[in-house]
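Participant: For reference, the chains in residue letters:
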Amino acid sequence: MTIFNTPIPATIGEFISLNTPDGGEVASLLSTTFWMIFGIAIIFGIYLLFSAGSWLIHKLFMDGRDKAKGYTSLKTVTFGDESAVVANRFASVASVIAVFFFWALATGSSLLGPIQLPAPFQGETSFEYTAVNAAGESDTATVNLLVHAFDAKPNMAAAEAKASGFAQNGALKIRERRTALLSSKKIGAKETEGFQVTHVNGEAITAGGTVDFGNGEVLLTPKGSLQVRPYGGMTMEALYLPSPEGVWKSFVQLNKEGYTNVGLWENVFWSLIRVVLGFALGCLFGIPLGFAMGLSNWFRGWFDPIVEFMRPVPPLALIPLIIIWFGIGEQGKISLLFLAALWIMTIAARAGVSGVNISKVHAAYSLGATKRQLLMKVILPNSLPEIFTGARVAMGVCWGTVVAAELVAAEKGAGKMIIAASKFQLTDIVIIGIIIIGIIGFAIEVLMRKIENRLIPWKGRG
Amino acid sequence: MSGLIIDNVSMTFELPNGGKVEALKNINLDIKEGELMSVLGPSGCGKSTLLNILAGFLAPTEGVMTLSGEPITAPSSERGMVFQHGALFEWMNVAKNIGFGPKMKGTPQAEIDAKVEELLDIVGLQDFAEKMIYEMSGGMQQRVALARCLANEPDVILMDEPLGALDALTREKMQSLVLDIWKKTGKTIILITHSVEEALLLGERLIVMAPRPGRIHKEYRLPFAELGVGADLREVKRHDEFGPTRDEILNMIWNMEEEIMGRAE
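For the protein sequence lines, the chains are A and B, in the order given.
The numbering used here numbers the first residue of the first sequence as 12 and each following residue consecutively.
The numbering used here numbers the first residue of the second sequence as 2 and each following residue consecutively.
Bear in mind the hints are in silico, worked out from the structure with no lab data behind them.
Virtual Cβ for every residue (Gly too), placed ideally from N, Cα, C.
The hints are all genuine.
Keeping only pairs whose Cα atoms sit at most 25 Å apart, straight-line, the calculated SDA-like set for lysine to any residue is:
1) A:K164 to A:L183
2) B:K106 to A:V364
3) B:K132 to A:M387
Some chain B residues judged to face chain A by a derived CB distance under 10 Å, without partners named:
4) N53
5) G57
6) A75
7) P76
8) R80
9) V83
10) A88
11) F101
12) P103
13) M133
14) P155
15) D161
Could you build the full structure based on these sequences and the hints that come with them?
Facilitator: In structure tokens, the structure reads:
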């Protein structure tokens with residue numbers, strides 16, 4: 012018997028040492044999580060503070076105008092009566108405005124007019140430095156700085172030569188929010204022995220120390236060079252978060268020109284059609300499977316282990332296997348969505364059958380129905396509410412899965428657009444993609460609810 | 002031979018813990034065609050089990066039941082059933098619910114329509130043909146259930162506490178309706194109820210069952226059903242024998258329940 016010759020850990024000690032997590036790593040994970048509590052609390056706190064402000068405005072100017080009408084207004088107990096709690100529309104609108112406000116504020120958007128966080132320094136500035144040589148003589152020169160927008164390519168005049176002295180004038184182009192190094196060799200260290208910068212703008216500086224020159228800081232590196240960091244402001248860079256108007260501009264452009272030769276809506280179309288097809292396949296097989304499991308001992312026993320095993324496996328965990336089996340073509344993605352929808356629909360249909368009141372089944376048989384008639388006229392309509400609940404969940408899961416599957420491998424699709432754009436740091440396209448995915452996911456849910464109300468008016472009223 | 006015969010029927014359930022419950026023991030009944038019989042008893046006396054066996058939903062562990070000489074082994078449209086909560090099909094309107102049985106048998110639509118109209122008239126729901134079930138009150142739903150059962154023209158109508166969930170006033174109206182239908186159609190009706198007054202009003206023949214094991218305790222022949230047809234039921238309740246009979250049965254059931262409680266302790 013050589014089957015078990017594979018190296019399983021020889022001793023219990025080995026097994027334990029192999030499978031014991033590093034204490035330091037775990038501690039660091041726990042401490043990170045612990046500090047996140049404060050980070051999350053601060054973000055929530057700011058948002059709630061804003062909410063409190065909005066509430067105050069609402070209280071001052073709108074009080075009483077949107078009071079409950081009709082029967083609810085007569086209820087004296089509303090705290091604790093969930094049915095009396097209605098979303099305050101003013102709050103919803105204010106909340107969305109708040110999100111856009113924070114977004115605009117953090118990105119220095121022009122939408123806010125005069126309300127601006129300090130922006131990063133841009134423009135021309137300069138500082139003076141004083142250096143000594145080996146002989147102990149000192150000399151002063153000027154460094155001109157041109158701080159420009161991230162993607163601008165301005166020309167800058169070379170530094171003016173000085174008439175006398177060993178310290179040379181310098182000139183530096185710096186992108187906003189970035190630092191630049193002025194090598195000591197460029198300002199005299201090459202020619203002058205013992206060249207050492209001692210003062211910036213008249214303030215003494217030592218290696219590792221910094222001096223503020225009004226529009227930023229200068230740091231003296233240990234090797235004697237000057238690192239210049241213009242004032243970075245408090246707003247976020249477009250690379251991390253583009254401003255709302257920037258995203259809108261990209262959206263308009265994306266709408267017109269597409270991205271990587273694929274139109275925005277074509278990408279969305281491909282994602283949607285995959286979801287619809289995968290979901291349809293899942294329904295086609297899942298619903299009969301669920302019915303079979305709900306109606307027959309044999310099928311219940313036969314499929315139970317598979318369904319119960321596959322149900323908790325997230326579809327995303329199957330992506331690697333699906334790619335190995337089917338490649339990165341459409342078949343793989345449709346298969347994945349089929350699997351994502353299949354188990355949900357199976358379980359929904361099974362629950363639908365078990366939800367049929369036994370007295371309805373008895374009534375149908377007593378009225379002379381055959382098994383087939385019972386299935387079509389009683390069990391099927393009676394399980395529609397459960398099937399629809401399952402369909403709503405399945406559509407949501409499929410939509411999430413398709414985006415993830417496209418992130419891994421796709422030619423076209425909303426997820427593919429996002430991942431391609433992220434590789435070129437086109438954050439605006441990534442954000443457009445996220446917003447569209449969110450809106451479509453919400454639209455699917457709303458649409459399914461509409462269809463449900465239309466098809467199953469008796470739901471919840473039996 | 003078109004009666005319903007219950008011949009020495011017993012029903013023993015085996016519990017998961019190995020114990021046994023004798024839901025019914027040696028029940029013998031001979032129900033004539035057109036008879037209106039009510040069955041009364043404390044909970045656990047097996048009256049619902051008896052009805053389920055009659056309907057063909059359960060097979061007895063011993064004995065046979067025959068309808069017109071044919072043994073009962075499965076549900077059939079000869080034995081219509083009216084359930085406590087209607088068991089109506091919410092996805093159909095009233096007319097389709099009533100026409101369900103004939104439709105399943107492939108009766109032509111025109112015939113079904115005529116039948117549905119006639120039955121709507123009998124149960125007093127002429128204007129509700131197009132209504133959905135969830136738009137109707139409990140009493141109206143029970144009327145639909147009754148009509149749905151009648152549409153199939155069963156030989157026997159089994160009623161499992163059909164009026165139990167209704168308010169007192171609706172219940173009284175429905176009791177009159179049941180008597181009317183009984184008289185008009187001449188069907189055999191077996192009605193299970195918790196209410197002693199209802200059992201007295203809706204039974205030419207009244208069976209009182211006792212629990213553990215479920216058995217027939219006493220049988221009455223009563224005049225009230227016949228008196229109640231087309232009459233004011235409150236008038237019937239003022240009949241000289243009504244009160245004493247009611248009290249006698251109430252005492253009987255009271256004692257049975259006391260006995261059960263005593264055993265439980």
